[in-house]
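Enquirer: Listed below are the residues making up each chain.
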Amino acid sequence: MTESKTNRLTSLLAAGRSWFRAWRRTRPFWGALWLIVAGAWIIYWMSFDIGIALTGGWSYSAGYVMGGSLIMFGLVTWLAPHYKSLSGIATFLIALGAFPTANLGGFVLGSVLGIIGGSMIWSWGEKRPRPSHRVSGG
Amino acid sequence: MSPRARRFERTDPWGDETGVSHVWGRLTGRFYRAAYAAIDHAAEQSAQMKADAESVRRGSRKRSLPLMIVGSAALVAMFGAVSQNALAVNFTTGNSKFKLYSNYLDAEHAAGYLAPTSRQGSTDCDADVADVQAQCGVTELGIHEAKLAGLCGIATESIPLVGNYSLMITAGDDVPDSYSGSSIPTGTTTDPTTGKLTNGSLSNAISATNLYLNSDALSGYGNKISGMNLGQSAETVGDSAGLTFEGNANQLPKAGAFGLYARQLNVAGLNGNSYGLNLKGNITLPDLNIRVVPGAKTQADCS
Chain A
0 MTESKTNRLT
10 SLLAAGRSWF
20 RAWRRTRPFW
30 GALWLIVAGA
40 WIIYWMSFDI
50 GIALTGGWSY
60 SAGYVMGGSL
70 IMFGLVTWLA
80 PHYKSLSGIA
90 TFLIALGAFP
100 TANLGGFVLG
110 SVLGIIGGSM
120 IWSWGEKRPR
130 PSHRVSGG
Chain R
0 MSPRARRFER
10 TDPWGDETGV
20 SHVWGRLTGR
30 FYRAAYAAID
40 HAAEQSAQMK
50 ADAESVRRGS
60 RKRSLPLMIV
70 GSAALVAMFG
80 AVSQNALAVN
90 FTTGNSKFKL
100 YSNYLDAEHA
110 AGYLAPTSRQ
120 GSTDCDADVA
130 DVQAQCGVTE
140 LGIHEAKLAG
150 LCGIATESIP
160 LVGNYSLMIT
170 AGDDVPDSYS
180 GSSIPTGTTT
190 DPTTGKLTNG
200 SLSNAISATN
210 LYLNSDALSG
220 YGNKISGMNL
230 GQSAETVGDS
240 AGLTFEGNAN
250 QLPKAGAFGL
260 YARQLNVAGL
270 NGNSYGLNLK
280 GNITLPDLNI
290 RVVPGAKTQA
300 DCS
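In the order they appear, the protein sequences are chains A and R. Using numbering that gives the first Met the number 0, you'd call the opening residue of the first sequence number 0 and step up by one each time. Using numbering that gives the first Met the number 0, you'd call the opening residue of the second sequence number 0 and step up by one each time.
Careful: at least some of the hints might be erroneous.
[As the list claims (entries may be wrong)] Cβ-to-Cβ under 8 Å is the rule here; a few derived chain R residues that face chain A:
| # | residue |
| --- | --- |
| 1 | Asp39 |
| 2 | Leu66 |
| 3 | Leu74 |
| 4 | Leu166 |
| 5 | Met167 |
No lab work stands behind these hints: they were computed from the structure. Glycine included, every Cβ here is placed at the ideal spot set by N, Cα and C.
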């Protein structure tokens with residue numbers, strides 16, 4: 000690989016990285032990530048053939064419903080951060096509701112992650128700038 | 000219009016020609032202009048996003064703490080309600096193999112039959128190989144009303160790079176290190192005539208309604224089983240017990256296949272290898288304890 004090619008590649012990677020950083024900083028990224036992990040965890044412990052889940056009633060489908068809505072709200076928070084208050088509160092309640100319905104909320108861990116993620120999203124917003132920023136940012 | 004799109008407008012190669020290529024040129028020109036406009040729009044938006052990200056610092060604020068505390072407190076309260084028999088939960092697992100131990104099973108209206116089950120993680124039904132689905136023969140056992148004295152469930156997962164981890168769920172009475180297979184475990188009180196749980200064992204029992212168990216090995220000591228019907232046609236056992244079996248078409252009971260029904264099924268020292276446990280009803284789990292421990296665990300680690 001020639002030098003100009005590697006330069007182009009590194010500058011492309013750097014641009015992607017700075018874009019991703021900006022994307023991350025303009026939405027409740029980490030809270031939503033916890034929600035998606037929580038939802039996937041709940042579904043993992045309640046996984047059935049999708050056919051059984053659809054025909055078998057609530058006890059088979061609860062994992063998909065509760066875990067799936069956690070994942071869905073996580074994606075909504077990423078793609079539409081405007082709805083953060085709604086998705087924060089909704090996922091907080093879903094994570095609590097997953098405890099009695101979906102294998103004790105994925106053996107407690109899924110519910111805990113959902114509660115942490117939901118409250119992180121709900122409380123996401125503008126913060127006081129760091130003191131160092133005020134000096135250098137000017 | 001961006002410089003890029005404007006440049007394309009000037010150098011549109013077919014713009015001055017006539018006939019078919021003229022139309023074609025205008026179409027492609029329009030397409031390219033739209034594509035460039037979309038790219039410009041996205042670039043503008045991401046520039047705006049970058050400016051936005053740098054102008055204000057955002058993040059999870061301190062007000063998340065009270066909400067987290069409230070949520071954790073609610074979770075702890077629910078856990079407490081479950082272990083004190085006050086809250087019934089829905090408990091269902093599928094596909095993953097786990098071991099079940101119970102000091103005593105007191106089942107009213109139990110029905111069972113043979114069925115295939117699709118298992119994830121196995122080619123033959125005993126070995127554990129990842130990402131394969133196998134059809135394994137299992138017994139489907141449905142119980143209309145079950146009471147269990149002591150319960151210990153162990154699911155072992157091998158996590159890449161970390162090794163084996165076991166999820167252990169215990170509830171009710173302590174499960175001893177092993178069962179004799181020919182007697183009722185000490186400390187379990189049963190009625191001498193009917194074999195049902197009584198006194199201390201009954202008040203601390205795990206009770207479940209409409210419990211379905213799907214296992215390839217169940218062993219224990221049958222104690223005073225009554226009203227048992229072996230060889231009943233499989234599609235009628237569900238009706239006898241007041242249960243409806245659900246699943247794929249080939250997992251449902253077939254007419255003429257072997258089935259069993261028992262009005263009262265008591266098994267002491269139950270020891271099972273299960274693939275699925277489903278509850279259509281609810282379960283109460285006194286003294287519930289869930290823990291994740293490293294290593295593959297056995298019955299000796301239950302108490």
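Enquirer: Each hint: holds or not?
Expert: Against the structure, the hints come out as follows:
The criterion of a C-beta within 8 Å of any C-beta in chain A is not met by Asp39 (chain R), whose closest approach is roughly 16 Å, and the hint is violated. At a threshold of 8 Å, the smallest CB-CB gap from Leu66 (chain R) to chain A is about 4 Å, leaving the interface hint in force. Nearest Cβ of chain A to the Cβ of Leu74 (chain R): about 6 Å, under the 8 Å cut. The hint holds. Given the 8 Å rule on beta carbons, the hint for Leu166 (chain R) holds: about 6 Å separates it from the nearest Cβ of chain A.
The beta carbon of Met167 (chain R) is not positioned within 8 Å of any beta carbon in chain A (closest approach about 10 Å), and the interface hint is therefore violated.
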